[in-house]
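Novice: Fit chain B to the supplied structure of chain A, relying on the hints for placement.
So the protein lines, in turn, are chains A and B. Numbering (the numbering used here) for the first sequence: 1 to 144. Numbering (the numbering used here) for the second sequence: 1001 to 1450.
FYI, nobody ran anything at the bench for these hints, they're computed from the structure. Since this is a predicted model, take the numbers as computed values, not measurements. A few of these clues could be false.
[Claimed, not checked] Listed below are the simulated DSBU-like cross-link pairs for lysine-lysine, each with C-alpha atoms no more than 30 Å apart in a straight line:
1. A:K96 x B:K1238
2. A:K91 x A:K117
3. B:K1079 x A:K116
4. B:K1405 x A:K96
5. A:K116 x B:K1238
6. B:K1118 x A:K91
7. B:K1238 x A:K117
8. A:K96 x A:K35
9. B:K1079 x B:K1118
10. B:K1238 x A:K91
11. B:K1118 x A:K96
12. B:K1130 x B:K1354
13. A:K91 x A:K116
14. B:K1130 x A:K96
15. B:K1405 x B:K1079
[Said to hold, decoys possible] Examples of chain B residues lying across from chain A (beta carbon under 10 Å, computed):
16. D1057
17. S1120
18. L1166
19. R1337
[Unchecked claim] From the derived model, a few chain A residues whose C-beta atoms are all more than 10 Å from chain B:
20. P37
21. V38
22. T40
23. S55
24. V64
25. D73
26. D84
27. V118
28. E130
29. R131
30. E133
31. D135
32. K139
33. I140
Note that the Cβ used here is the ideal one computed from N, Cα and C, for glycine as well.
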Amino acid sequence: MGHTARAGLVTATFAGLILYAGAASADVVVVVSTKSPVDTLSRSQVVDLFLGKSSRFPGGRSAVPIDQAEGSDARNAFYLAFADKSPAQVKAHWSKVIFTGRGQPPQAVASGGLVKKVLAGNAGAIGYLERSEVDDSVKIVLSQ
Amino acid sequence: VILRHPSAGLEAKDMTCERVCASATASAGDRLGQVAVALLAAVLSASTAHADEPVPDPRPPRLSFSGFGILGVVHSSEKDADFTSTTFKPGGTGHTHDWSAAVDSLVGGQLTVRPTTKLSAIVQVIAEQKYDDSYRPSVGWANVKYQLTPDFSVRVGRTILPVFLLSDVRQVGYAHPWVRPPIEVYSLVPVSSNDGVDASYRVSIRSVTSTFQVTAGRSDSRFPSDTPSGFATAQSRKGIALADTFEAGYLTVRFNYGRTRLTVPELAPLFEGFRQFGPEGVAIADRYDVDRRLVEFVGAGASYDPGRWFAMGEWGRVRVGSVFGESAGWYGSAGYRVRRTVTPYVTLARVEAKGSRSDPGLSIAGLPPPLAGAAGGLNGALNALLSTKPVQTTVSVGGRWDFRKDAALKLQLDHSQHGTGSAGLLSNLQPGFRPGEGVYLFSASVAVVF
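Here chain A stands alone, though its shape is the one from the complex:
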């Protein structure tokens, strides 16, 4: 088999592999408890908290990020909108962190309602919700 034949095989295989990735486009906002002193955060501050690059709010209070379930629209939209990362890119990021002992991903809860429950009981928690789920138990600190 010649080298060009091999290169052709590679090209053909990849051309055949391109699939429609699916575009989650829910309107997601970043929220904290109304008891939190934090009022606003920048996109990079939020991303650093959720990707484990930082563990504190500006000012030094410790932050507890709360994820939504893998595969949920809210989660996919959050990471795409704020971190520019697909679910696989987020997973690749955490595999770098986990397998070097540098940390663990945020705990995930199964719904937006549970995010609000956790935030109600923890002034240091930070989560994200679809905009339609926002009520007066939470405070928006960043929108798209």
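Specialist: Here is chain B on its own, set in the frame of chain A:
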């Protein structure tokens, strides 16, 4: 700390063909099957994650298990030499196997325990082809970490030395785009484990985060060799490594320095032999022996990853006095994520060992015949070691397809052009091998995390 020239392993492997060729062929199929079953079982058990808990606990769990694996095959166009992914592996693809699953396949698991919020411990076990062609699991990480503050931590135990941007996750194929990180750079310091202590301190200034890490320790790494034991050992002692990683948005920049004292006890008899030949032999031994040699490494790397595409590059140089000399390598790689699912990429890489690939050795003229024969043997062994210094330039094209959320398929085609008189990073050279030419490699693998 293990800082070692790749030639150590290459030379040793060149002499091990009989053992490897005999044993590897028979059992390769069995092993491939074992790895496949392990990976499959792992993937299947992965999808049992979340149940509906009424009151979620936002703290990380006390006990967690994570795993990773690669199932891959590699084919080489060169039949008179072998390609392996690290100097720790015997055999490979080319001469020993037409298609080899041993080059890239592996499976690893990690247990993390967090008795308190500040204290954690991890144990990571990996099964892959080893120096003796077995797949006995070995412990890559086993350490206790104490998080003194959110930004300052200390670890005691076994870690993987993070010499390069990806060296501590190079076995976690899911974490990087390629079939394997470019060996022109990653084989400069074929990092095994480090037994010792390290401390990590993170400081953020505006939008830039700097993580400074200092590591001290020792290690013993075995690589294949034709010694009676079947292996040789790179003993690293009094090692220290410094790394500073700067992160700002999509940009990561990293600087490294490391030093250690390297001994390969299996090479001692060769240089003791030289020392029997008076001042000339002593001078040769002093120049080339590997006995508590100072090894120094410097490196720098950067990556930029705004999501839809990435570009990264690294450079490193390792200086070992002794027969291994000095080598430098670099690579640059870039890729584009099509619909964030398929990532075609290209990589250009080069490694270049400095210094002469031969030495006249002992003067044989005038020696009585028996001594002349012994001197000729020593000269031959020394030149065999010197001749393995790699010079090669590699162009790679490939792609990664994230076909499900925890698995990626990767295909890659490499062409390596060897420098004049060099076998590049190939090993197990056969009589028909012609240095200074080149080799094509085709690799396919599936990388998973669970």
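Novice: Now, for every hint given, state plainly whether the structure supports it.
Specialist: Comparing the hints with the structure gives:
With a C-alpha separation of about 28 Å, the suggested pair K96 of chain A and K1238 of chain B falls inside the 30 Å cut-off, and the hint holds. Annotation: proposed proximity of K91 of chain A to K117 of chain A holds, straight-line Cα distance about 26 Å (limit 30 Å). Annotation: proposed proximity of K1079 of chain B to K116 of chain A is violated, straight-line Cα distance about 63 Å (limit 30 Å). For the suggested pair K1405 of chain B and K96 of chain A, the alpha carbons sit about 15 Å apart, so the restraint of at most 30 Å is met.
Between K116 of chain A and K1238 of chain B, the direct Cα distance comes to roughly 52 Å. Violation of the 30 Å bound is thereby established for this hinted pair. As the CA atoms of K1118 of chain B and K91 of chain A are separated by approximately 24 Å, the hinted pair is consistent with the 30 Å bound. For the proposed pair K1238 of chain B and K117 of chain A, the alpha carbon gap of about 52 Å is over 30 Å, so the pair is violated. In summary, the hint linking K96 of chain A to K35 of chain A is not supported, as the alpha carbons are separated by about 34 Å, beyond the 30 Å threshold.
Note on K1079 of chain B and K1118 of chain B: the hinted pairing is violated, with a Cα-Cα distance of about 54 Å set against a maximum of 30 Å. Restraint check for K1238 of chain B and K91 of chain A: not satisfied, since their Cα atoms lie roughly 37 Å apart, outside the 30 Å limit. Only pairs whose Cα atoms come within 30 Å are accepted, and K1118 of chain B paired with K96 of chain A is accepted, the gap being roughly 21 Å. Between K1130 of chain B and K1354 of chain B, the direct Cα distance comes to roughly 29 Å. Compliance with the 30 Å bound is thereby established for this hinted pair.
Between K91 of chain A and K116 of chain A the alpha-carbon distance is near 24 Å, which keeps this suggested pair within the 30 Å criterion. Proximity of K1130 of chain B to K96 of chain A is assessed by CA-CA distance (about 23 Å); at most 30 Å being required, the pair is judged to hold. Taking the CA atoms of K1405 of chain B and K1079 of chain B, the gap is about 38 Å. The hint is violated against a cut of 30 Å. Restraint check, D1057 of chain B versus chain A: the minimum CB separation of about 7 Å is within 10 Å; hint holds.
Below 10 Å, beta-carbon pairs count as interface contacts, and S1120 of chain B has one with chain A at about 8 Å; its hint therefore holds. Satisfaction of the interface hint for L1166 of chain B is found here, the shortest Cβ-Cβ separation to chain A being roughly 8 Å, below the 10 Å cut-off. About 8 Å separates the beta-carbon of R1337 of chain B from the nearest beta-carbon of chain A, less than 10 Å, and the hint is met. For P37 of chain A, the shortest C-beta to C-beta distance to chain B comes to about 18 Å, beyond the 10 Å cut-off, and the non-interface label holds.
For V38 of chain A, the shortest C-beta to C-beta distance to chain B comes to about 16 Å, beyond the 10 Å cut-off, and the non-interface label holds. No beta-carbon of chain B comes within 10 Å of the beta-carbon of T40 of chain A; the shortest separation is about 16 Å. With a least beta-carbon separation of about 4 Å from chain B, S55 of chain A fails to lie farther than 10 Å from that chain, contradicting its non-interface assignment. At roughly 5 Å, the least C-beta separation between V64 of chain A and chain B is not larger than 10 Å, which violates its mark as non-interface.
The beta carbon of D73 of chain A sits about 14 Å from the closest Cβ of chain B, which is more than 10 Å, so the claim that it is off the interface holds. Under the 10 Å C-beta cut-off, the non-interface status given to D84 of chain A relative to chain B is violated; the minimum distance is some 3 Å. For V118 of chain A, the shortest C-beta to C-beta distance to chain B comes to about 5 Å, within the 10 Å cut-off, and the non-interface label is violated. No beta-carbon of chain B comes within 10 Å of the beta-carbon of E130 of chain A; the shortest separation is about 18 Å.
Non-interface call for R131 of chain A relative to chain B: holds, since the shortest CB-CB distance, roughly 22 Å, exceeds 10 Å. Chain B leaves E133 of chain A outside its interface by the beta-carbon criterion, the shortest separation being 16 Å against a cut-off of 10 Å. Non-interface status of D135 of chain A relative to chain B is upheld: no Cβ of that chain comes within 10 Å, the nearest being about 18 Å off. Chain B leaves K139 of chain A outside its interface by the beta-carbon criterion, the shortest separation being 17 Å against a cut-off of 10 Å.
The Cβ of I140 of chain A sits about 19 Å from the closest Cβ of chain B, beyond the 10 Å cut-off, so the non-interface label holds.
The structure is inconsistent with the numbered hints 3, 5, 7, 8, 9, 10, 15, 23, 24, 26, 27, although it conforms to all the rest.
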